[in-house]
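S.K.: The lines below spell out each chain.
2 protein chains.
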Amino acid sequence: MLANVALIVQKYGGTSVGSPERIKNVARRIAKFQSKGHHLVVVVSAMSGETNRLIALAKEIQVHPDPRELDVMVSTGEQISVALLSMALMGLGIKARSYTGAQVRILTDSAHTKARILKIDEDRLRADLDAGHVVVVAGFQGVDEAGSITTLGRGGSDTTAVALAAALKADECQIYTDVDGVYTTDPRIVPEARRLKTITFEEMLEMASLGSKVLQIRSVEFAGKYKVRLRVLSSFEEEGEGTLITFEEDNDMEQAIISGIAFNRDEAKITVLGVPDRPGIAYQILGPVADANIDVDMIIQNVGHDGLTDFSFTVPRNEFIRTVDILKSQVQPHIGARDVIGGDRIAKVSIVGVGMRSHVGIASRMFRTLAEEGINIQMISTSEIKISVVVDEKYMELAVRVLHKAFDLNQAS
Amino acid sequence: MLANVALIVQKYGGTSVGSPERIKNVARRIAKFQSKGHHLVVVVSAMSGETNRLIALAKEIQVHPDPRELDVMVSTGEQISVALLSMALMGLGIKARSYTGAQVRILTDSAHTKARILKIDEDRLRADLDAGHVVVVAGFQGVDEAGSITTLGRGGSDTTAVALAAALKADECQIYTDVDGVYTTDPRIVPEARRLKTITFEEMLEMASLGSKVLQIRSVEFAGKYKVRLRVLSSFEEEGEGTLITFEEDNDMEQAIISGIAFNRDEAKITVLGVPDRPGIAYQILGPVADANIDVDMIIQNVGHDGLTDFSFTVPRNEFIRTVDILKSQVQPHIGARDVIGGDRIAKVSIVGVGMRSHVGIASRMFRTLAEEGINIQMISTSEIKISVVVDEKYMELAVRVLHKAFDLNQAS
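One line per chain: the protein sequences are A and P, in this order.
For the first sequence, this note's numbering assigns the number 97 to the initial residue and increments by one for each residue that follows.
For the second sequence, this note's numbering assigns the number 97 to the initial residue and increments by one for each residue that follows.
One or more hints might be untrue.
Note that the list lumps identical chains together, so a pair holds whenever it fits in one copy or between two copies.
[As the list claims (entries may be wrong)] Derived pair list, reagent style DSBU-like, types lysine-lysine, alpha-carbon separation capped at 35 Å:
id : residue 1 : residue 2
1  : Lys132    : Lys155
2  : Lys309    : Lys490
3  : Lys191    : Lys424
4  : Lys210    : Lys424
5  : Lys293    : Lys490
6  : Lys501    : Lys210
Rather than coming from a laboratory, the hints here were simulated on the basis of the structure.
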């Protein structure tokens, strides 16, 4: 529960501020919190569609827009949102003041379009809060040491909110979004999916990295690092407590072993066949891929025989062709591998839960469930609290549904 | 003539950067100057229509948008333009770097939506210029002592350009616009209107204040104060030397006595009838008008008789009703005037020229020319280098045309 007078950081995404009418709704919601005596810092994204519009405009000028200049452009989206929300608050008689990332001084490194927050000056915000203002901060953006505008990359507004909550030692950071919390899985695929009242920080991190779009992974990491109390709520519902991301495991005996099921069809798998089984071979294969700035996700190497092994990994689906090209031209002739094969019609399905630590047989239950439906598992990767499998893309929805049922995640009817 | 290697400040207005294609054209023009070895600082406005779009959006939220927040929003227009133009320059292989007003540090007072420039830090710009960059600066905006974004008011980009030229001691400030220079009058009204090769600073100031839209009056004042060599050129023509604003009168014997004819139909006239002819009466009438923040332009008071006089002045047309209301409610009963009358179907026509100083009979020639066409003069006001008359709005075009001919301004055929 929140204290009687709490400092709350709220974040509203692009859909929540997508029109003047919606901005006014957000203002009314903020007014309610303020009327209870809470101090509020509000982080907003660009109005939905605006960032894409700006990027498209930039690309009309330069096919690959200069990153520094792209940040100058794209950051205007949030700048407009903070001004509009501040106006809407003033329209309700509430004192409000907008800040761009540079004005707060959210100091970042200089990695344009994907900058990282280094430091936040919270003095001016605190002075405004003490003077009874609602402080409205542009998400997604900062400024580097040289004074150039930077952006944090897609979803960066969540990170801004969490970073501000950490800097201000806020009582809670509330992420308002178009869903009313974190679900056991995507309700569009499994209608019986259930909203979780709580989820542990570790589980949320796995869910985010596995493809759940509710929270941006960096914001979850940030929250974990600085122990920020984080809550996901719907910006379209008046009531509701959303999902709280906790730092302790729930001791409730009734808690399910598995908290959620994530899935992702944005990957492709690649196998290098007939690789000499000797030290350094993984680096020889993945080095050129990393040099090309391609993110590698799952990596599988099985026990070899006759001095040869097969080496598999997954990459983002839109990098599939490029990765195969790199391997065929730079790696295969060099290490004397037999062939490079792969496919981009795959999906990754993962079960996540801290309960795995204290329960055995979770993996075998997962594999049996899939086998019973005739779903072939192509790759397997595990961590302490998650098991991921790669299956043919066409079985993805089915896999998610049967696993959801098998692990008792279906809503109590 | 410009030096072989000159520092030039160029300003491109909203129409000149109104589309990606036009932005690329501007970049090509800049490239030409750079290829000659010149150093360039380029000031740009928001893409045409953008500022109005943003203001309309703000008004959907707040009928009278908060000035600080409106500046936060509106300033994004130029921010987008500088990024796009920098990208376009880089696309041509030219090193370029954009700056917002706050990034340059164009320090202004805190009068949001109509701020005045106090100081410009030119160190960073100079370092970029020395490193061979084209520096692209957002016009129309600055930042106050507290770090809030300010805007300079409509047409403020001209002022930004002139102020930068002054701070950097540029060799020339070139204002690119949709006309190719300053004309003897608006060619849409008088097809024989002639482009002036030069015009004196004083004349330009009168022309700007009298309604010629070519340059914003504050930018001309600024240029006069800091002796900035200012030139108006077309951004749509490849060649052409435009109009140079000079500080010395042309000694050419052939120079016309009158340089140009300005006109303005944005005013209304008001007369307070039967005013007691005693000291302090002008203040009693105009004090309440000034208190209501209404700009008064021409003021006429004739010799009275029987202790009474009539007092006339002009105000912006959109303030006509409000001014009459103030006079009828606050002034007339107080001073015991007989009545308040007026009309908003008037136009002001002015002839401007430094030649007036050394020639007599200019006023009478003007009045005779109008009389010959049956145009009644309702008010007259003069300064050292201009004569303005108020006439019925319906005669405005005719008055401009006949005066243009009478003072030998028509183009040599």
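S.K.: Would you mind marking each hint as holding or not holding in the structure?
M.R.: Hints, verified against the model:
Taking the shortest alpha-carbon separations for Lys132 and Lys155, only the inter-copy value of 29 Å comes in at or below 35 Å, while the best intra-copy value is 46 Å. Taking identical chains as interchangeable, the C-alpha atoms of Lys309 and Lys490 lie at most 35 Å apart only when both belong to the same chain, with a minimum of 21 Å there against 65 Å between chains. Taking CA atoms no more than 35 Å apart as the test, Lys191 paired with Lys424 passes in neither setting, with 62 Å inside one copy and 37 Å between copies. Taking the shortest alpha-carbon separations for Lys210 and Lys424, only the intra-copy value of 30 Å comes in at or below 35 Å, while the best inter-copy value is 63 Å.
Taking the shortest Cα distances, Lys293 and Lys490 sit within 35 Å of each other inside one copy (31 Å), while across copies they are farther apart (74 Å). Taking identical chains as interchangeable, the C-alpha atoms of Lys501 and Lys210 are never at most 35 Å apart, the minima being 39 Å within one chain and 64 Å between chains.
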